[in-house]
Amino acid sequence: MAERKSESLRDAYGQTLVELGDRDPSLVVLDADLSGSTRTALFGKKYPDRFFNVGVMEPTMMTIASGLALGGRTVFASTFAVFAAGQAYNAVRQSVCYNRANVKIVATHGGLLVGGDGGTHQMLEDIALMRSLPGMTVIVPADAPTTRAAILAIASFDGPAYVRLTRENLPVVTDGQFALGQATQLREGSDLTIVAIGAMVARALGVAETLHQSGIEARVLDFASIKPADEKALLKAARETGAILTMEEHNVLTGLGTLVASAVATGQPVPMRQVGVPDLFGESGDPWKLLDNYGLSEKHALDEAWALLRQRGKVS
Amino acid sequence: MSVTSAASATLDDLTATARQVRQDIIRMTYHAGSGHPGGSLSVTDLVTALVFHELRIDPEHADWPERDRLVLSKGHAAPALYSALAHRGFFDPKILPTLRELGSPLQGHVDHRKLPAVEASTGCLGQGIGMAVGMALDARLARRPSRVYAIIGDGECQAGLTWEALMAGGHYALDNLVVILDRNGLETDGKTEDLMGIEPIADKFRAFRYETLEIDGHSFPAILDALHRARETKGHPTAIVARTVKGKGVSFMENKHAWHGKPPNREEAERALAELGGTL
Numbered sequence: 004m005a006e007r008k009s010e011s012l013r014d015a016y017g018q019t020l021v022e023l024g025d026r027d028p029s030l031v032v033l034d035a036d037l038s039g040s041t042r043t044a045l046f047g048k049k050y051p052d053r054f055f056n057v058g059v060m061e062p063t064m065m066t067i068a069s070g071l072a073l074g075g076r077t078v079f080a081s082t083f084a085v086f087a088a089g090q091a092y093n094a095v096r097q098s099v100c101y102n103r104a105n106v107k108i109v110a111t112h113g114g115l116l117v118g119g120d121g122g123t124h125q126m127l128e129d130i131a132l133m134r135s136l137p138g139m140t141v142i143v144p145a146d147a148p149t150t151r152a153a154i155l156a157i158a159s160f161d162g163p164a165y166v167r168l169t170r171e172n173l174p175v176v177t178d179g180q181f182a183l184g185q186a187t188q189l190r191e192g193s194d195l196t197i198v199a200i201g202a203m204v205a206r207a208l209g210v211a212e213t214l215h216q217s218g219i220e221a222r223v224l225d226f227a228s229i230k231p232a233d234e235k236a237l238l239k240a241a242r243e244t245g246a247i248l249t250m251e252e253h254n255v256l257t258g259l260g261t262l263v264a265s266a267v268a269t270g271q272p273v274p275m276r277q278v279g280v281p282d283l284f285g286e287s288g289d290p291w292k293l294l295d296n297y298g299l300s301e302k303h304a305l306d307e308a309w310a311l312l313r314q315r316g317k318v319s
Numbered sequence: 195m196s197v198t199s200a201a202s203a204t205l206d207d208l209t210a211t212a213r214q215v216r217q218d219i220i221r222m223t224y225h226a227g228s229g230h231p232g233g234s235l236s237v238t239d240l241v242t243a244l245v246f247h248e249l250r251i252d253p254e255h256a257d258w259p260e261r262d263r264l265v266l267s268k269g270h271a272a273p274a275l276y277s278a279l280a281h282r283g284f285f286d287p288k289i290l291p292t293l294r295e296l297g298s299p300l301q302g303h304v305d306h307r308k309l310p311a312v313e314a315s316t317g318c319l320g321q322g323i324g325m326a327v328g329m330a331l332d333a334r335l336a337r338r339p340s341r342v343y344a345i346i347g348d349g350e351c352q353a354g355l356t357w358e359a360l361m362a363g364g365h366y367a368l369d370n371l372v373v374i375l376d377r378n379g380l381e382t383d384g385k386t387e388d389l390m391g392i393e394p395i396a397d398k399f400r401a402f403r404y405e406t407l408e409i410d411g412h413s414f415p416a417i418l419d420a421l422h423r424a425r426e427t428k429g430h431p432t433a434i435v436a437r438t439v440k441g442k443g444v445s446f447m448e449n450k451h452a453w454h455g456k457p458p459n460r461e462e463a464e465r466a467l468a469e470l471g472g473t474l
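Top line first, the protein sequences correspond to chains A and B.
If you count by this note's numbering, then the first sequence holds residues 4 to 319, one letter each, in order.
If you count by this note's numbering, then the second sequence holds residues 195 to 474, one letter each, in order.
For the record, the hints were derived by calculation from the structure and aren't laboratory data.
Note that beta-carbon positions come from the ideal geometry of N, C-alpha and C, so glycine has one too.
A hint or two may mislead.
What follows is a list of derived Cβ distance ranges for each label pair [as the list claims (entries may be wrong)]:
1. K385(B) x S9(A): 57 to 63 Å
2. P253(B) x N56(A): 37 to 43 Å
3. K48(A) x R425(B): 31 to 37 Å
4. N56(A) x R338(B): 20 to 26 Å
A few chain A residues that face chain B, going by a derived Cβ cut-off under 10 Å, partial list only [unchecked claim]:
5. V59
6. M64
7. I67
8. G70
9. A72
10. N93
11. Q97
12. S98
13. Y101
14. N102
15. R103
16. A182
17. Q185
18. A268
Given only the sequences and the hints, what does the whole structure look like? Please build it.
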């Protein structure tokens, strides 16, 4: 497989924010003392009057964002995922979602790839929390081009949204053709489908390439638009390929795998396997080694794919 | 025209309106069979003064962008606000008895989406004040003359979020923001000072950079004067500590925390209404 160049999702976010700020003079951005890390500082430098760095008060950042949005503005609020979805959960629930405020929460540092900061900061439950909120749009981009497209997409509608970004640079795997509610097919195949999000999309493509060398063709869907979810693409994949493997950097009990299983079980039941973080907190370590140690290695995913194929009778 | 003369011209009206609001609170919570009469009765005079005197609002143009905003952060005092807004002309008072009924816009805690006359959906405490800070920032950025008023409860002052939001209002020097504390001294389980003391509360507001006034929250001249002084204050937000009586106006409810979240039964409602000059 050709080596893919890696790019920063956070840089893509910060640059896109500046673009949006150029376009919409009423757009405001909030951060909670992490503007260098989240890259909202890029916006703050260019538009200091429309940038509010509120310090370490993430729940109140969300309530203030809601008040600003109810006056008719588009408001972006950023911090790490553990603070945005965890620390601020009930403020997101009531002030943002219950009020249907036009607040776009862009959370960086989701998942194990936070690395050294350890389990307290490695948010593995945010998709579950944010997806459960009525009216919330949830997106997990796999690379920088999708990040840019997703930020533009959420700025174009009136209502709350949550975007989870990764601290680490990620390989560019898409051409940025993102649309809300649509899965992006990155590879055609008819023997099984791999549905993946975030950093796991590149690994899914790696698994598909290895399978290809053995004559197995795996379809790969980038499921960045978690909510609204593209159920049609899932049912089509189930019908046409007969087996589904999901891959996510999230607690496996409550994330992408359960979303896909629920859609498939009620619409087109086929054998499934889930690659995700077991029901555990993370720990400090090299980001990429952490992924491997918590069951997210390409090798483990490949084993699961073979197990599915055996279950389907595609191989003995 | 001096403030006092402006106020005295309407004092009788405000007193009569507040009595009507208190009657509605009793009738609404009686019909609903649940709700929060105690804190609604304590906040009634503050809400009445705002809705009928202070706020630049227009029932004919409820979404007028330059209007003032009232955020009821203690969203459980919904009956007081519903009654005041209905009598001010924002919706038909006939629907007041539907409080808490399935399909009613009159939710148990105020709901901006179901009843747009309410500026913010609140209920979980500590959040409305932050929304008010956001609204005040929005008005300042847009150079709109809107002023923003947040009413908070005293139990709410135990919540960390309240102080985060107060800190933000002080830091941004929002002189278009007024925080009004309904200081009735009681919360669900008893006295604030027995559960988790919040005193010296006025000093705390001052330390958070608020021009702080302490008033009798049942005296219309005092309320109107404080609101006027808040309007004159530049460079700082204003906090008004309004000393109130939980259950105010109904003798057997006054200063009893048991009436925080308990509706009157028929006999109690009739007795309460008799004291307030009304009937069921």
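Consistency of the hints with the structure:
The hinted range of 57 to 63 Å is satisfied by K385(B) and S9(A), whose Cβ atoms lie roughly 60 Å apart. For the hinted restraint 37 to 43 Å between P253(B) and N56(A), the CB-CB distance of approximately 39 Å keeps it satisfied. Taking the beta carbon of each, K48(A) and R425(B) are about 36 Å apart, inside 31 to 37 Å as hinted. Look at N56(A) against R338(B): about 23 Å separates their beta carbons, and that is inside 20 to 26 Å.
Here the hint on V59(A) is kept, as its CB sits about 9 Å from the closest CB of chain B, short of 10 Å. A hinted interface residue such as M64(A) counts as satisfied when its beta carbon comes closer than 10 Å to some beta carbon of chain B; here the least separation is about 8 Å, so the hint holds. At its closest, the beta carbon of I67(A) sits 4 Å from a beta carbon of chain B; the interface hint therefore holds under the 10 Å criterion. Proximity of G70(A) to chain B holds as hinted, the smallest CB-CB distance being about 2 Å (cut-off 10 Å).
Annotation: interface hint on A72(A) holds; nearest CB of chain B at approximately 7 Å, less than 10 Å. Here the hint on N93(A) is kept, as its CB sits about 6 Å from the closest CB of chain B, short of 10 Å. For Q97(A), the interface hint holds, since its Cβ comes within 10 Å of a Cβ in chain B; the closest pair sits about 5 Å apart. With a least beta-carbon distance of about 5 Å to chain B, the hint placing S98(A) at the interface is held under the 10 Å criterion.
For Y101(A), the suggested interface contact is upheld, since its CB lies about 5 Å from the closest CB of chain B, less than 10 Å. A distance limit of 10 Å between C-beta atoms decides the matter here; for N102(A) the minimum to chain B is near 5 Å, and the interface restraint holds. Annotation: R103(A) was flagged as interfacial toward chain B, and the flag holds, the nearest CB pair being 6 Å apart, inside 10 Å. Checking A182(A) against chain B: minimum C-beta separation of about 27 Å lies over 10 Å; hint violated.
With its C-beta approaching chain B no nearer than about 28 Å, Q185(A) sits outside the 10 Å limit, and its interface hint is violated. Checking A268(A) against chain B by beta carbon gives a least distance of about 32 Å; that is not within 10 Å, so the hint is violated.
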